[in-house]
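Working from the sequences, and respecting the hints, build out all of it.
Each chain, letter by letter, is given below.
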Amino acid sequence: MEILVCVRRVPDTSENEIQLNAAGNDIERDDLVYSINEPDNYAVEEALQITAKVGGNVTVVTVGSDDDEEVLRREMAMGASRGVLLSDEAFDGSDGRGIANILKAYVHKGHFDLILTGVQAEDGGAQVGGMLAALLDYPFASLVNSISVLDGGKLKVSREIEGGNKEMNEIDLPCVLSIQTGINEPRYVGMRGIRQVASLEVPTFGASDLGLDASTVGAAGAKVKRVNYFVPALGKGAEMLEGDQEEIIAKLIELMKAKGGLN
Amino acid sequence: MARIFAYIAHKSGIADDSAAELVAAARNIDAAAAPVAVVTGWGAELDAVCETLRSSYAEVWKIANQALAYPNAELVRKALLNILPHDGIVLVSHSHFGIDLSPGLAIKMNSAFVSDVLGIDGIDGTYLKLVRQEFGGQVSAHVRCDASAGAVLNLRPGAFKPHEVAPINGVIVDKSADVGTLTAGRRYLETVVAEAGDVDITKHAVLVSVGRGIQEKDNIAIAEELAETLGAAVSCSRPVVDAKWLPKSRQVGSSGKTVKPKIYMACGISGSFQHLAGLKGSPFIVAINKNPKAPIFQVADVGIVADILEFLPELTSKVRGMKQVSV
Numbered sequence: 019m020e021i022l023v024c025v026r027r028v029p030d031t032s033e034n035e036i037q038l039n040a041a042g043n044d045i046e047r048d049d050l051v052y053s054i055n056e057p058d059n060y061a062v063e064e065a066l067q068i069t070a071k072v073g074g075n076v077t078v079v080t081v082g083s084d085d086d087e088e089v090l091r092r093e094m095a096m097g098a099s100r101g102v103l104l105s106d107e108a109f110d111g112s113d114g115r116g117i118a119n120i121l122k123a124y125v126h127k128g129h130f131d132l133i134l135t136g137v138q139a140e141d142g143g144a145q146v147g148g149m150l151a152a153l154l155d156y157p158f159a160s161l162v163n164s165i166s167v168l169d170g171g172k173l174k175v176s177r178e179i180e181g182g183n184k185e186m187n188e189i190d191l192p193c194v195l196s197i198q199t200g201i202n203e204p205r206y207v208g209m210r211g212i213r214q215v216a217s218l219e220v221p222t223f224g225a226s227d228l229g230l231d232a233s234t235v236g237a238a239g240a241k242v243k244r245v246n247y248f249v250p251a252l253g254k255g256a257e258m259l260e261g262d263q264e265e266i267i268a269k270l271i272e273l274m275k276a277k278g279g280l281n
Numbered sequence: 010m011a012r013i014f015a016y017i018a019h020k021s022g023i024a025d026d027s028a029a030e031l032v033a034a035a036r037n038i039d040a041a042a043a044p045v046a047v048v049t050g051w052g053a054e055l056d057a058v059c060e061t062l063r064s065s066y067a068e069v070w071k072i073a074n075q076a077l078a079y080p081n082a083e084l085v086r087k088a089l090l091n092i093l094p095h096d097g098i099v100l101v102s103h104s105h106f107g108i109d110l111s112p113g114l115a116i117k118m119n120s121a122f123v124s125d126v127l128g129i130d131g132i133d134g135t136y137l138k139l140v141r142q143e144f145g146g147q148v149s150a151h152v153r154c155d156a157s158a159g160a161v162l163n164l165r166p167g168a169f170k171p172h173e174v175a176p177i178n179g180v181i182v183d184k185s186a187d188v189g190t191l192t193a194g195r196r197y198l199e200t201v202v203a204e205a206g207d208v209d210i211t212k213h214a215v216l217v218s219v220g221r222g223i224q225e226k227d228n229i230a231i232a233e234e235l236a237e238t239l240g241a242a243v244s245c246s247r248p249v250v251d252a253k254w255l256p257k258s259r260q261v262g263s264s265g266k267t268v269k270p271k272i273y274m275a276c277g278i279s280g281s282f283q284h285l286a287g288l289k290g291s292p293f294i295v296a297i298n299k300n301p302k303a304p305i306f307q308v309a310d311v312g313i314v315a316d317i318l319e320f321l322p323e324l325t326s327k328v329r330g331m332k333q334v335s336v
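For the protein sequence lines, the chains are P and A, in the order given.
So that you can map any letter, position 2 of the first sequence is 20 in my numbering, and since no number is skipped, the others follow by simple counting.
So that you can map any letter, position 175 of the second sequence is 184 in my numbering, and since no number is skipped, the others follow by simple counting.
Hints should not be assumed to be uniformly reliable.
Claimed, not checked - Within a straight-line C-alpha distance of at most 30 Å, the following computed DSS-like cross-link-like pairs (lysine-lysine) qualify:
(1) A:K20 - P:K174
(2) A:K253 - A:K71
(3) P:K269 - A:K184
(4) A:K138 - P:K122
(5) P:K172 - A:K253
(6) P:K243 - P:K71
(7) P:K269 - A:K271
As the list claims (entries may be wrong) - Simulated DEER-style distance windows between Cβ atoms:
(8) A:E237 - P:T222: 48 to 58 Å
(9) A:D56 - P:K275: 51 to 61 Å
(10) P:R47 - A:A78: 46 to 56 Å
(11) P:E88 - A:K253: 45 to 55 Å
Said to hold, decoys possible - What the simulated footprint calls covered on chain A by chain P, stretch by stretch (three residues with Cβ under 8 Å from a Cβ of chain P suffice, anywhere in the stretch; the number is not a length):
(12) 65 to 78
(13) 93 to 102
(14) 142 to 152
(15) 184 to 196
(16) 289 to 299
(17) 315 to 323
Everything labelled a hint here was simulated from the structure, so no lab data went into it.
From the three backbone atoms N, C-alpha and C, an ideal C-beta is built for every residue, glycine too.
Below, the structure written as structure tokens:
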């Protein structure tokens, strides 16, 4: 099975305090720790587990700049056979539809049986997978938390729905699935693994290589634009307990007693 | 002004809570808006839902088809494409179904799509002025959405407070004949209900809930010791389940359990909206997190900036000491 996994490099929100820059038009990006978008990493692991069972290859692709090559190499170190960078100044300012258009153009250059994305990105909104599927006229399932390959060009997938319940579906290949975290246990990637793929070529494709009309991508094609970032006025907000640890604990115990949580 | 449509999800003949929230959101676009409720389904359950919605929507478009008895997003999309005007503004709840339906619906309508919207500041000509959150809720963004060729907006559940309005006497319009042929490359098989698990976190008055800040599986014991001392149970947020440190049955949130404790101790939990959606009954929330910007501090009653790996054992030993004195 030939599997394409669409990945992104994002600031790691568990490692960073996100601050606004002085102009308020972006977050402060100096000193941010970047990593692969977490659900995307689960998607790559799932693709590798599928090809280990039924054969085939895993390609990882991202839309971005040279800085994003590091996440492609990380996923190649996990076992993806090929990393591809889609990069062009014309792509700057793309909205979700623009990114999906770029990915669609790349999908048409190859023959993929299955396309995976992470369920959502840190700054995105669970949209590119569903859009890509619609552009390709492939079936789609979101929030996928298990996949098994059936005979006859089909998969059985479960979707995570409310209350931890699972919605079981059968889906025809080729299709697009957005992968939920927790579907598997992504393998560890060490420095040694990353060094081993350091010399592999990562081909780059721009708008003209992909035969893309510049009006369908980038700021020109975007119907949705971020105007600025802001920090919302807090509601009531928490009463912050301050002082040394001993004082804080004493206050907390009093409060918990008052609320009936300690007797 | 484009017409506004609200896609209403329902289950067992009862409309989803979002039905009232979508009316409120439509009024934020245009105070005079009379949004049209759009409901797909089959049989008596569909009829019951349409009947209820008549009291809050002036028009209810009923789309009855046996193939829509279970909401398969691909089939619903095809039905909606044949029925909705493609320059309309379509509001959908950002639920597991909305995530499945809306991105593809927007592509096929050739309309704009904005996901997980939590505020609407009206419309400026054909541009919708929207608010979203990014980076795990640490910052918000104003977003401008060109709705000249229609728009599909997925709205965060709970973000739009329903208005108190007098019941109206809306009409049901049967659009079933316009559905067209419905076939899909994805077929619903069955729903598998979550396993019960060893501890029922929905029954406890105090929960010591751990998130990513617990860092590794061996540290779960720190939370268990505190819980034991307090007579509480240990629950958790999604990353802890993803990492297989605790079973799914301990997860609080929209994809986990809904809990109603008296006291909820959020330890190393950032406070995503999916997590908070699992907290009901206004518990007293104590948040302990080493990131002072963590969104959990916006909703907690009491906040402590600390590393839980140091703070929790200290709290446990103080509570133990106190109990020994009082015995």
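Distance restraint evaluation - R47 (chain P), A78 (chain A), Cβ atoms, bounds 46 to 56 Å: holds (49 Å)
8 Å C-beta test of the region 93 to 102 of chain A against chain P, three or more residues: That given contact is violated, which follows from only 0 residues of the region 93 to 102 of chain A lying within Cβ reach (below 8 Å) of chain P.
Hint check for K253 (chain A) and E88 (chain P) - Cβ pair distance inside 45 to 55 Å: With a Cβ separation near 27 Å, E88 (chain P) and K253 (chain A) fall outside 45 to 55 Å, so the hint is violated.
K138 (chain A) paired with K122 (chain P) [C-alpha distance capped at 30 Å]: Since the Cα atoms of K138 (chain A) and K122 (chain P) sit roughly 29 Å apart, the hinted pair holds (cutoff 30 Å).
Proposed proximity, K174 (chain P) with K20 (chain A) (alpha carbon, max 30 Å): Answer holds: K20 (chain A) to K174 (chain P) is near 24 Å, not above 30 Å.
Within 8 Å of chain P's CB atoms, at least three CB atoms from the region 315 to 323 of chain A: coverage verdict: holds (count 4)
Whether chain P covers the region 65 to 78 of chain A (at least 3 residues having a Cβ closer than 8 Å to its Cβ atoms): n = 0 at 8 Å, threshold three: violated.
Beta-carbon spacing of E237 (chain A) to T222 (chain P) - inside the hinted bounds 48 to 58 Å or not: holds (56 Å)
Restraint status (C-alpha distance of K269 (chain P) to K271 (chain A) at most 30 Å): holds (18 Å)
Pair hint outcome, K243 (chain P) versus K71 (chain P) [Cα-Cα no greater than 30 Å]: violated (42 Å)
Given pair status - K71 (chain A), K253 (chain A), alpha carbons within 30 Å: violated (44 Å)
Pairwise beta carbon distance, D56 (chain A) to K275 (chain P), judged against the given window 51 to 61 Å: holds (53 Å)
When the structure is compared with the earlier hints, violations turn up for hints 2, 3, 6, 11, 12, 13 and for no others.
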